[in-house]
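Novice: Take the sequences, apply the hints, and build the full model.
Protein chains in written order, with numbering that gives the first Met the number 0: chain C, 0 to 227; chain Z, 0 to 251; chain W, 0 to 212.
For the record, the hints were derived by calculation from the structure and aren't laboratory data. Virtual Cβ for every residue (Gly too), placed ideally from N, Cα, C. Please note: incorrect hints may appear among the correct ones.
What the hints assert, rightly or not - If you want a taste of the chain C side facing chain W, the calculated C-beta under 7 Å gives, among others:
#: 1; residue: 3
#: 2; residue: 6
#: 3; residue: 11
#: 4; residue: 84
#: 5; residue: 87
#: 6; residue: 91
#: 7; residue: 128
#: 8; residue: 130
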Amino acid sequence: MSAASLGGAFRTMLVRDLLLAWRRRGDAMLPVLYAIIVATLFPFALGPEHALLARIAGGVVLVTVLLAMLLALDNVFRGDLDDGALEQMLLAPQPLSLLLAARMLAYWLVTALPLLLVAPVLAYMLGLEPAAQPVLLLALLLATPLLALLGIVLTALTAGTRRSGMLLSLMLLPLAVPIVIFAAGAVGAAQQGLPWVAPLAWLAAALALALVLAPLACATALRIALDT
Amino acid sequence: MNAFKLWYHKLGSPPYFYVFAGYIQPWLWTIALLLAAVGLYGGLVLAPPDALQGDAFRIIFVHVPAAWMSLFVYGVMAVSAFVAVIWRPKMAEVLAMESAPIGAAFTLIALITGSLWGKPMWGTYWTWDARLTSELVLFFIYLGIIGLYHAFDDPRQGARAASFLAMIGAVNLPIVHYSVVWWNTLHQGTTVHYFGPSSIAPSMLWPLLLMTIAAKFYYGASLMGRSRVALLSLERGKDWVADEVRGDTAHG
Amino acid sequence: MTPTLASSTPPMIEARGLGFARRDEGVFGPLDFALSGGGIGLIEGDNGSGKTTLLRVLAGLLRPSFGTARVLGAEPGSETAREGTATMGHLLGLKADLSALENLRIGMGLYGHKPTPGPFAMLTQVGLEGYADEPVRSLSAGQKKRVALARLALLPARLWLLDEPYANLDRHGINLVNDLLTAHAAAGGAALVTSHGAVSFHQGVTCTVRLAA
Chain C
0 MSAASLGGAF
10 RTMLVRDLLL
20 AWRRRGDAML
30 PVLYAIIVAT
40 LFPFALGPEH
50 ALLARIAGGV
60 VLVTVLLAML
70 LALDNVFRGD
80 LDDGALEQML
90 LAPQPLSLLL
100 AARMLAYWLV
110 TALPLLLVAP
120 VLAYMLGLEP
130 AAQPVLLLAL
140 LLATPLLALL
150 GIVLTALTAG
160 TRRSGMLLSL
170 MLLPLAVPIV
180 IFAAGAVGAA
190 QQGLPWVAPL
200 AWLAAALALA
210 LVLAPLACAT
220 ALRIALDT
Chain Z
0 MNAFKLWYHK
10 LGSPPYFYVF
20 AGYIQPWLWT
30 IALLLAAVGL
40 YGGLVLAPPD
50 ALQGDAFRII
60 FVHVPAAWMS
70 LFVYGVMAVS
80 AFVAVIWRPK
90 MAEVLAMESA
100 PIGAAFTLIA
110 LITGSLWGKP
120 MWGTYWTWDA
130 RLTSELVLFF
140 IYLGIIGLYH
150 AFDDPRQGAR
160 AASFLAMIGA
170 VNLPIVHYSV
180 VWWNTLHQGT
190 TVHYFGPSSI
200 APSMLWPLLL
210 MTIAAKFYYG
220 ASLMGRSRVA
230 LLSLERGKDW
240 VADEVRGDTA
250 HG
Chain W
0 MTPTLASSTP
10 PMIEARGLGF
20 ARRDEGVFGP
30 LDFALSGGGI
40 GLIEGDNGSG
50 KTTLLRVLAG
60 LLRPSFGTAR
70 VLGAEPGSET
80 AREGTATMGH
90 LLGLKADLSA
100 LENLRIGMGL
110 YGHKPTPGPF
120 AMLTQVGLEG
130 YADEPVRSLS
140 AGQKKRVALA
150 RLALLPARLW
160 LLDEPYANLD
170 RHGINLVNDL
180 LTAHAAAGGA
190 ALVTSHGAVS
200 FHQGVTCTVR
210 LAA
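Specialist: Have a look at this one:
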């Protein structure tokens, strides 16, 4: 007999989720397309004036990425809930938080990483100063995992409900306000040539804390939502 | 400690709580209304008009207690929610979930009165002032909790899930507040400090304090009433509810 | 396994006054029964009598409302209990986008596996030779059930909790379930199986739990 190791179970879950995303890679592209389309709506709504667009570019890209990530959140547990795979995860001998950590990593890799790739392009199209570009990327690099962790914990809470899409935005967006403020604050400071490290340091600290707490909170949330 | 434990277990029993809440509810209402009547008289009639704002400032007698209550109720809800998630007593779930709409109502009142006050002060109904913005985010958090509670078919399951969300919100609220304050200074917002504790005249202070205490008693009264209704609905099918309903119809 | 050997080991499932109530309405119980290694327990009852709920309580997915249950000597749902238990529910937990083989590998990655047979040989044993790389979505309901049975037989669990394992299966499939159960019991394992009683059942049943609706 060979028992499954913790690392083996983590890897199994990660490979499973990436494989599932690959089999449906069209779906994985939808958040990216959504972000591109939403970002291009701003020049249409505000006019192509360069100075105005350059000033709002950082904020627009951040909010767009946040909304695109929200779009994909609802499906994080939906499929596994419908076919019983989530139950198999709950019953596996490994700690549920470990399996959920793999789920979170997979979600970030599949949803956030492609968004990180298009974000600089969108920011460039909106005319963000080159000096602020690396700061925007750094801010996104810290903000997107934080959003993923927080978002998946909240999604777990809605797992037992039937209608969760709109509800999830109502739950997530107010709690994501600090993330948006600090990330956009750093980009804004960089645009004005001010020091921008402090807000990013706060984001990094929050991320370190969330990396430890979110899988545990998510396991608790899931057990509450599924009444186990 | 032992007396506390006994009290905790007694009040944790729905039929006992139902009777207890029914008993204290009229008292809470009476005290709340009396205090509010005196406080409003003191604030609207006795207190002199403000040197700068004239009579417009009088909205603080509603706005400030409501704003304080919006946080106070959240605190009570978060503690009940914590107990509900960890030890799962039915009463803690009920108290947390029945607090949420009251807290949301206080938050909404604080927002509306704040914006009404903003018109004469800033010349606009809405400004992205740090306090108003925090209050708005708090309102959304309340709505999220209420929404999650009602999204479940089983009210007890919904109460536990929403309680967990309330706990996450409680951790997040100070962060929201400080991030909003930071954001406000970053963008050179015109933060007007309504009043410092030193600058308030005693003739304004005592009505304000009375109104604050009145708001607390109102919250207590409202919470007792709401919890009684929620208990009847949760415990329908139990003998004590059937007895209660039969008793009421016999009296009426 | 001889009865003496089975009774000398502590029971794999022990229920004392076990019952479950949803929203203060009784679903089943109180129940008293024990199931030892080498034994196969049958849970009988009509639709809505709480068969699935009983399995979910024993798996640790629901908390019992009254009474106690011990699974493999531990709390249901505890790490010891989960380590030695494999379940097959009404929902099979197979990913439709993945192949039969990939689904088996996921199960092995999460639960561990027996040294023999390998996943390929197991698929052959359940009559799915040549379907290893077929996505599960293209299989029939009965074939999906066979993939789930193959996964079950691969895991090192000593206790099986099976919810309606005969549903969707033809005569050969029913024989397959019975063969797997016999082999599992002969190796010292135990199984608790629900059935609404419509199928001709395995002969080696050592205990029967009747649930009233």
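Novice: For each hint, tell me whether it holds in the structure or not.
Specialist: Checked hints:
{"no.": "1", "hint": "3", "result": "holds (4 Å)"}
{"no.": "2", "hint": "6", "result": "violated (10 Å)"}
{"no.": "3", "hint": "11", "result": "holds (3 Å)"}
{"no.": "4", "hint": "84", "result": "holds (5 Å)"}
{"no.": "5", "hint": "87", "result": "holds (4 Å)"}
{"no.": "6", "hint": "91", "result": "holds (4 Å)"}
{"no.": "7", "hint": "128", "result": "violated (44 Å)"}
{"no.": "8", "hint": "130", "result": "violated (44 Å)"}
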